[in-house]
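**Q** Using the sequences and the hints, build the whole thing.
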Amino acid sequence: MMSNQSPAVRTTKNGAFVSLPISICCWLLLLISCSANASQRDADAGYARLRSWMRENGGRVNDRFGITEKDGIRGIQAFTDIEEGSELLFCPWHLVIGSSSLQDQMKPGDGMCSVVDEMAKEIRLGVDSLWYPYLDHIGGQRLPADFISEVLLELQGLLTTQDATRHLRWFDQRCDGELDGTAKQSLVAFISRASEVGMIPIYDLFNHHNGRRNAKLTVTEEGVQLLVVGNGGISSGDEIYLSYGLKTASTMYRDYGFVEEWPIAWNFQTAGGNNFAFLEFPDVVAINPSADLLRAVWQSNISLEEYLSLVTTHTESLSSADLETFVTAVENEHFPTTFEGDEVTLALLIEQEGETIANDSSDNISDRMSAIRYRIAHKKALASAKLYCNGILTKRMSMGSQEL
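Each residue of the sequence shown is one higher than the one before, counting from 842 in the working numbering.
Listed next, with one range per pair, are the computed distances between beta-carbon atoms: (1) W1139 x H1175: 29 to 39 Å; (2) P1177 x D1021: 30 to 40 Å; (3) T1235 x D1021: 51 to 61 Å; (4) H1175 x M1238: 24 to 34 Å; (5) L966 x G1232: 57 to 67 Å; (6) S941 x T1166: 48 to 58 Å; (7) G1232 x D885: 41 to 51 Å; (8) E1184 x E924: 42 to 52 Å; (9) E1192 x D951: 44 to 54 Å; (10) R1237 x D1021: 55 to 65 Å; (11) G1182 x D951: 44 to 54 Å.
Hints listed in this document are in silico derivations from the structure and should not be mistaken for laboratory results.
Since the model is a prediction, treat every value here as computed from it, not as a measurement.
Note that CB positions come from ideal geometry on N, CA and C, so glycine has one too.
**A** Set out below in structure tokens:
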């Protein structure tokens, strides 16, 4: 599915344009603008072909949404108001790769192997494949499983090589097939795009957001439907979101290549083997979230203000001893670099991106930036959680002093 992770921002070295004539600067800016516009036109044309293909083969696609781009991230946006319960997409079973009917749905294990294998065969068929308009439209998402060992080290242990390559090892152990380039492309697409019933064209173009989910998949005798959920439907201009499930940040990064906006489910383990977890929201943090709170976050369709109220109530209900234990655990987390130093390293890599760098490929540079962004997000989250806990503890101490 499309990534929520911010893409690399292309910049030039400081002062690179200072001595150039204004006409050349304008030409360069125009060239960049034309390239971006061409990319958007290509995306629009690809989606239009995919939508036509879906309809020609018995599917239905609502005309009230389409692909848009905001801050370099592509997503699906409503062009007009869409009422709750409205059908956004219907895909008949014969277009789903992995399930053939309501009674014959994709099964874990060998069934998933079959989907990866079938998709690889269709990719090899090229334009002769029934699914060509779909398979040609999905991009080549890079995941930590693609990273070389040197790049995985940039994660500073936050995602081990063992965990990053988990899906590759699963394929090797469970699936009867060779993981060549096409099979790996199919596997990565399956990891990052598959639904519970397999690969559903167009469905996997919708972005993920647990806090703003407004569409949900349902299965019927005829096929699968994507319906509008939530109070009041979707307003014109709103992005349409799915939920990929409530997963930890490391799992989201491993399987989808991004860290979500909010809520972010972080976890870490101390050197002594103690596990800690917290949910990060704008300005508030849920320390040691309960099962009830996790269910509310994942299953509810409520406003951000209501989420913040739930989280605040939860964390403030914890004992001071629990908060102090969490703060101590965060303070004992040590990394080779600080997030401030990581940001400097990232800025230098962004400056180098697009240039020819000896003994390094553009993919490796992009992967390094991705890994550094992830470790920055993790370290900042720890700092925010610690600050939030200390704020509550300081407030309690102040109130205790006033009572005395």
